[in-house]
Amino acid sequence: MNSLEQRLHLGLSISLLLLFGLLWFLGQKSMDDLTHEFVGSRIDHDIESLLAALEVSSDTVHLQKGRMPPVYQQPFSGHYFVVAINNTPVIQSRSLWDQSLIIPKLKTGERRLKISEGPTDQKLLQISMAFNKKGLNISIALAEDLSAINAQKFKFKKYFFILSLIGLVLLLLLQSIILRLSFKRLESIRSDIKSLEEGGLLKLSENVPSEILPLVREVNHLLILLENRLERSRNALGNLSHALKSPLNLLFQYFDSHKSEIDKKGVDAKIQLERFNQLINRELKRARLAGKGGSTQRFNAAKEIPELIAVVKQIYSHRDLKITYHIDKAMMTFGDREDMLELIGNLLDNACKWANNEINLVISSSGVESDKINIIIEDDGKSVGKEQLASIIQRGTRLDESVDGHGLGLSIVNDIVKLYAGSIEIKHSSSLGGLLIDITIDIN
Amino acid sequence: MRLLLVEDDKELSKSLQEELIHKGFAVDVTDNGIDAEFMGDEESYDIVILDLGLPQRSGLEVLSNWRNKENKLPVIILTARDSWHERIDGFKAGADDYLGKPFHVEELIMRIQALVRRTHDMTGQSLQCDKFKLDEDYQQLIINGQETVQLTGTEFRLLRYFMLNPGKVLSKTRLIEHVYDQDFDKDSNLIEVYIRRLRDKLGKEYIVTRRGQGYIFMDVPQ
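As given, the protein sequences belong to chains A and B, one line each in that order.
Under this note's numbering, think of the first position of the first sequence as 1, with each following residue one higher.
Under this note's numbering, think of the first position of the second sequence as 1, with each following residue one higher.
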């Protein structure tokens with residue numbers, strides 16, 4: 001059993017049951033003791049009265065008339081006595097009628113208390129005592145019926161039991177409510193973690209019970225560490241590419257402005273330069289990808305796609321492009337923001353290069369827990385052979401030298417899709433007539 | 001056309017400046033963000049080429065400061081940081097175009113020309129007014145699609161500015177500001193000489209003098 005709540009519940013319930021059981025047992029015992037004490041002291045008094053009423057003559061005893069209460073004369077009244085000399089009964093109360101009491105063997109001065117069966121199913125508390133009066137060993141047994149008291153006791157016990165039971169149930173209920181309320185405070189952390197995962201939050205709230213505050217702090221600390229590390233490496237890569245690109249640009253310009261004087265070797269050098277540039281671009285971009293399961297900001301498609309499309313339109317403002325899009329209404333945030341912008345940005349850029357004037361983008365989720373994201377982009381450009389396209393995507397080779405950077409963008413797309421354990425499918429767009437790229441990525 | 005080039009790499013900015021001057025731009029250069037912001041606010045440029053990784057003040061900051069002050073001058077961002085989220089940040093800060101390094105000068109020139117036409121509400125691939133078409137690559141004037149007239153550098157710059165602002169009164173100071181860079185002597189009467197030469201090439205009726213105000217390029221001649 002791994003649930004803290006269940007564990008606490010069980011532990012508290014057992015201890016409550018034990019407590020109530022102990023209470024029940026002690027109540028029972030003290031009740032019995034009390035009645036025995038009470039009835040016993042009355043019997044003791046009657047024994048003393050009886051002893052005082054006995055007349056001893058040589059080897060026998062007589063009971064003086066009228067000295068004992070009338071209740072001992074009434075048959076089966078519930079009050080009985082027996083007097084014995086040397087363990088042989090000599091006098092017994094009229095109330096016993098044809099029955100008798102058994103007197104145990106006692107030493108002089110001994111007192112013994114026992115519960116015994118009496119006539120007509122009575123429960124008797126019997127006290128037997130032994131005396132020595134004028135040389136005679138007299139033992140007296142006096143008993144009183146407990147039935148009436150027992151009935152009272154039973155009634156009391158019954159109420160006590162019912163009240164205890166109600167109390168127990170109420171306490172268990174209260175306890176489960178208290179537990180649930182306490183654990184409800186943990187619920188906020190769970191929802192925090194969920195929105196952290198979706199990129200809605202960058203750290204967990206520290207308004208939590210003190211027991212788990214250290215844990216939450218540690219998680220926050222790690223989050224900051226992780227984010228800083230990614231940030232640092234991304235910045236370092238940005239700086240590196242910045243530093244590399246200015247000299248590269250100078251070389252580009254050198255070749256551009258000396259076009260007419262460049263010989264064959266110069267052309268080769270220029271090709272190497274282009275390759276160099278592509279390699280730097282590709283590797284730096286690839287190194288910047290965060291991948292899934294990061295703690296970085298998540299991609300909010302509904303918010304970012306319109307912005308991205310506006311940017312693409314501005315870049316291609318010299319062309320009259322119509323870009324439509326559709327995003328599932330219930331779409332949650334997914335993936336790393338920068339990765340997804342790079343993925344969709346490159347797809348849109350590629351589509352813009354090839355489209356005549358129409359592009360359509362659809363983002364939807366599927367899978368068991370919406371853990372698969374489906375991105376479809378289609379255009380109305382001239383059709384390209386499937387094999388040719390597959391080779392672009394796999395190797396990043398350029399399809400058309402006049403359309404700049406075509407291969408690079410798609411090879412980055414391929415890298416990102418691989419990172420998200422996804423798949424790319426290239427088809428002919430039946431609605432727009434151009435190319436359709438269908439990408440599925442796994443975000444869990 | 002007057003252009004501000006903000007680039008901190010000395011070599012690159014020198015070589016780029018040469019290319020741009022060669023293409024008929026009056027080019028001012030600065031290598032840091034603070035000067036760039038000041039110059040962009042004080043001088044009237046037709047276009048700014050802005051690098052993002054600048055010392056003292058980043059290019060994005062300079063750009064958003066301009067936009068916050070309602071300074072709408074057209075800006076092309078030129079940067080090594082060309083991932084898509086950075087492009088979005090650039091456009092959000094108010095950029096008009098974005099070019100990743102390394103680039104080919106032809107592409108930059110093409111984008112500059114397109115952006116300038118766009119900011120002057122002109123559509124199409126080239127600069128055209130009435131029967132005049134300006135060939136920006138070869139710096140020549142084509143009349144009625146047949147006759148080709150060669151232009152000198154200053155004539156080309158002057159005519160381009162006229163053709164971007166047809167029907168507007170352009171003062172001598174404004175013409176000087178947009179045709180020459182900041183080191184030029186602004187009191188010079190040279191501009192009158194060039195206007196006379198342009199009138200010879202286009203026909204007198206196309207450039208009208210408004211005494212005490214300036215000149216108007218008439219796309220529909222009176």
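Some clues are possibly wrong.
[Unchecked claim] In silico DSS-like cross-links for lysine-lysine, where the CA-CA straight-line distance does not exceed 25 Å: (1) B:LYS10 - A:LYS270; (2) B:LYS92 - A:LYS303; (3) B:LYS14 - A:LYS259; (4) A:LYS259 - B:LYS10; (5) B:LYS14 - A:LYS322; (6) A:LYS157 - A:LYS114; (7) A:LYS270 - B:LYS14; (8) A:LYS427 - A:LYS382; (9) B:LYS92 - A:LYS353; (10) B:LYS92 - A:LYS313; (11) A:LYS313 - B:LYS72; (12) A:LYS114 - A:LYS65; (13) B:LYS131 - B:LYS204.
No wet-lab data here; the hints were simulated from the structure.
For clarity, every value in this text was computed on a predicted model and none was experimentally measured.
Verification of the supplied hints:
{"no.": "1", "hint": "B:LYS10 - A:LYS270", "result": "holds, 23 Å"}
{"no.": "2", "hint": "B:LYS92 - A:LYS303", "result": "holds, 14 Å"}
{"no.": "3", "hint": "B:LYS14 - A:LYS259", "result": "holds, 19 Å"}
{"no.": "4", "hint": "A:LYS259 - B:LYS10", "result": "holds, 23 Å"}
{"no.": "5", "hint": "B:LYS14 - A:LYS322", "result": "violated, 39 Å"}
{"no.": "6", "hint": "A:LYS157 - A:LYS114", "result": "holds, 22 Å"}
{"no.": "7", "hint": "A:LYS270 - B:LYS14", "result": "holds, 21 Å"}
{"no.": "8", "hint": "A:LYS427 - A:LYS382", "result": "holds, 13 Å"}
{"no.": "9", "hint": "B:LYS92 - A:LYS353", "result": "holds, 23 Å"}
{"no.": "10", "hint": "B:LYS92 - A:LYS313", "result": "holds, 13 Å"}
{"no.": "11", "hint": "A:LYS313 - B:LYS72", "result": "holds, 19 Å"}
{"no.": "12", "hint": "A:LYS114 - A:LYS65", "result": "violated, 28 Å"}
{"no.": "13", "hint": "B:LYS131 - B:LYS204", "result": "holds, 15 Å"}
When each numbered hint is compared with the structure, violations occur for hints 5, 12.
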